[in-house]
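Asker: The lines below spell out each chain.
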Amino acid sequence: MSLSKTAIEANRISKRYRLGVINRGMLYQDLQSYWARLRGKPDPHAPLNPDGTESDHKIGEFWALRDVSFSLEQGEAMAIIGKNGSGKSTLLKILSQITAPTTGEARIRGRVASMLEVGTGFHSELTGRANVYINGAILGMTKREIDVRFDDIVGFAGVERFIDTPVKRYSSGMSVRLAFSVAAHLAAEILIVDEVLAVGDSDFQRKCLGKMAQIVREGRTILFVSHNMQIVRSLCSRALLLESGVATRSGQSDEVIRYYLRGKDENYHAREEPPVPGPSTPLFPSLLTLRDTCGNTRAEFHLGEDWCLDVLLDVRKAVSDFRLQVNVNEADNFCALAHSSKNSTLKPGRYKVSFTFVEKLRAGEYRFTLLSFSGSRVLHSLVSELVVKIDHVPCTNDPIRWFSYGGVVVSSDEPDVVPTTEY
Amino acid sequence: MSDTLRLSSETDLPWSKIIRSEHNLLYLDFYELWRYRDLIFLMVKRDFHATYAQTILGPLWFIIQPLLTSSLFTILFTQVAKISTDGIPPFLFYMSGVVAWGYFSDCLTKTAATFRANAHVFGKVYFPRLVVPIASVITCLINFAVQFSIFFLIYLVLLFKGASLHPSFRVIVLPVLIIQMALLGIGLGCLLSSMTVRYRDLAMAIGFLTQMWMYASCVFYPLSSIPKDWQWVLVLNPMVPVIESFRFAFLGAGTVEIWQLAIGAIVSAILLLLGVMVFNHTARTFNDTV
Numbered sequence: 001m002s003l004s005k006t007a008i009e010a011n012r013i014s015k016r017y018r019l020g021v022i023n024r025g026m027l028y029q030d031l032q033s034y035w036a037r038l039r040g041k042p043d044p045h046a047p048l049n050p051d052g053t054e055s056d057h058k059i060g061e062f063w064a065l066r067d068v069s070f071s072l073e074q075g076e077a078m079a080i081i082g083k084n085g086s087g088k089s090t091l092l093k094i095l096s097q098i099t100a101p102t103t104g105e106a107r108i109r110g111r112v113a114s115m116l117e118v119g120t121g122f123h124s125e126l127t128g129r130a131n132v133y134i135n136g137a138i139l140g141m142t143k144r145e146i147d148v149r150f151d152d153i154v155g156f157a158g159v160e161r162f163i164d165t166p167v168k169r170y171s172s173g174m175s176v177r178l179a180f181s182v183a184a185h186l187a188a189e190i191l192i193v194d195e196v197l198a199v200g201d202s203d204f205q206r207k208c209l210g211k212m213a214q215i216v217r218e219g220r221t222i223l224f225v226s227h228n229m230q231i232v233r234s235l236c237s238r239a240l241l242l243e244s245g246v247a248t249r250s251g252q253s254d255e256v257i258r259y260y261l262r263g264k265d266e267n268y269h270a271r272e273e274p275p276v277p278g279p280s281t282p283l284f285p286s287l288l289t290l291r292d293t294c295g296n297t298r299a300e301f302h303l304g305e306d307w308c309l310d311v312l313l314d315v316r317k318a319v320s321d322f323r324l325q326v327n328v329n330e331a332d333n334f335c336a337l338a339h340s341s342k343n344s345t346l347k348p349g350r351y352k353v354s355f356t357f358v359e360k361l362r363a364g365e366y367r368f369t370l371l372s373f374s375g376s377r378v379l380h381s382l383v384s385e386l387v388v389k390i391d392h393v394p395c396t397n398d399p400i401r402w403f404s405y406g407g408v409v410v411s412s413d414e415p416d417v418v419p420t421t422e423y
Numbered sequence: 001m002s003d004t005l006r007l008s009s010e011t012d013l014p015w016s017k018i019i020r021s022e023h024n025l026l027y028l029d030f031y032e033l034w035r036y037r038d039l040i041f042l043m044v045k046r047d048f049h050a051t052y053a054q055t056i057l058g059p060l061w062f063i064i065q066p067l068l069t070s071s072l073f074t075i076l077f078t079q080v081a082k083i084s085t086d087g088i089p090p091f092l093f094y095m096s097g098v099v100a101w102g103y104f105s106d107c108l109t110k111t112a113a114t115f116r117a118n119a120h121v122f123g124k125v126y127f128p129r130l131v132v133p134i135a136s137v138i139t140c141l142i143n144f145a146v147q148f149s150i151f152f153l154i155y156l157v158l159l160f161k162g163a164s165l166h167p168s169f170r171v172i173v174l175p176v177l178i179i180q181m182a183l184l185g186i187g188l189g190c191l192l193s194s195m196t197v198r199y200r201d202l203a204m205a206i207g208f209l210t211q212m213w214m215y216a217s218c219v220f221y222p223l224s225s226i227p228k229d230w231q232w233v234l235v236l237n238p239m240v241p242v243i244e245s246f247r248f249a250f251l252g253a254g255t256v257e258i259w260q261l262a263i264g265a266i267v268s269a270i271l272l273l274l275g276v277m278v279f280n281h282t283a284r285t286f287n288d289t290v
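Protein chains in written order, with my numbering: chain A, 1 to 423; chain B, 1 to 290.
Hint data in this document are derived by calculation from the structure and do not stem from the laboratory. No experiment lies behind these values; they were computed from the predicted model shown.
Reference excerpt, derived from the structure (chain A facing chain B, CB under 10 Å, subset only):
| no. | residue |
| --- | --- |
| 1 | S14 |
| 2 | K93 |
| 3 | S96 |
| 4 | Q97 |
| 5 | E105 |
| 6 | R111 |
| 7 | T120 |
| 8 | E125 |
| 9 | A137 |
| 10 | I138 |
| 11 | G140 |
| 12 | M141 |
| 13 | S280 |
| 14 | T281 |
Each residue gets a CB set at the ideal place from its N, CA and C atoms; glycine is no exception.
Put together the whole structure using the sequences plus the hints.
Answerer: What follows is the structure, encoded as structure tokens:
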């Protein structure tokens, strides 16, 4: 082990995105601009300031990452933590070569497999078996490597009986399990994992965590993005904190997590505006609001009280067979309960889904994961930063009414997805 | 155990990958493409299954399409418009054009859809992007093989019935012609695919463009029916010598010269090089612009 070598070395990686309209989309305008530049004349299509002077192009820029450096030894597990929109996903995308950095450089030793999403390349017409092969190959395995692992993959997902059935007949849980299972059996030295654990029921989540821990023990290198500090602590010895694209802290995971949580105030926020994802995402939740049944926005509730979560959805492209699922997770990230909207077909626009939770949760803090499905395909997943707190004070003075909930299964209705003009 | 052994031996190697912003446009990692060869074949298999899942006739469509088109051309151009076929039985004449052109236009349109059809996958996983156009061209090759065998079957039947066909040793150029069509299709397809990322409406123009191109490619008329003074214009189209050679080799009539084929090959090579360069460049930042 003394021969440990560097697996990833990132050197001042930066990534710039342009905001707003990326191109004018008209070939002749582009040609005019190009022709003007060629002759040293001002670009006739350059954006102008209100006073008529040519505007500074840098206004429309956004640095998702700024000079991020780190190095990871072979066999180490490192977590990247930070708020939504702090650049974690961009860093993973650069390291998995999905997009190029604007400046800087990363050196990698060994084969990289990245799991930024489960089930990429799954084709609903094909059987489970065919999908395991194509998905494994997309993730970088050869056919022979998949042959060797095939039984393990199918066994881990628990879909042996359906392996020769087209995936379109699978439940969404089954196809997600199969997809994760393929990714978990990758034959690569370096694994890059985004928060894919957010899917599946709690039993399967536990199983996935066990698999991840095993991968760490096998001495493979893992780069892991998560919002869940407990999982980070148990899996990763090191952590890197990103804040607005800058690496502000790196070191022992305990110490970095303590630093990260320092600034979090004790008040529970009831509203969250998640960052806007890249333009290829067909839809995303743009505003989450916690409220009581009377419509007052708040995040702390009494034991036994009903509470609601409103989700505003921005739909960019038409989506068929859409369903929004909300997982309510306990502190250890295991799903305490999950709710789903009704299935519906959406045109581009803005929609609202109101979930009312009437199930009686134990006192404690809960967090949310929002999954947008089209059929069984996950279109978008969001780990929300909202925390709902259920305190120990019963909501009613009538102990008989409170205790009568014991053993009674109360289930919330599936809400509709309704168009809205709200912002 | 063997896994751990392999692991340690591989980590002794120098850096296996360096990611940076600038890169050499002409650099193509053939070793990496070779490592992903299984993906290419699995994609071909997937395309084949996915296209014909839940269809009544399945792969029979490969056969029906050229037969119907050739029959239609025979009626339309020989019976109605009375265009010459260089003395070749009209049905075979048209079918040779339709099958050869079909392969090229399939390659072109499939490759040109690469970025549009795979935007989602490209945003989530890395693999050499050229895998997709290569797989498309192989899928098309299977279709072509089926169609060509039907052509060959009809050809043999007519030959035994004593039709005036003049097969020659030149049929050995067939692989060369196929390779040239594939390269031209990939090259131009990559170029168009990259351009559609920026100019969406090009996607609609591609179908129209290939149709126009077909009219200029001697698919339903021989080059000899064009006035001698104007033939050179048509020969600039790299598909003309390919289709004429195809007919010349199998049917014994056609106008083709070595220099024409050479020009076609050079044009194809240039387009391929340019296409792959632009494609690689687009692939690196594609996900930021869709």
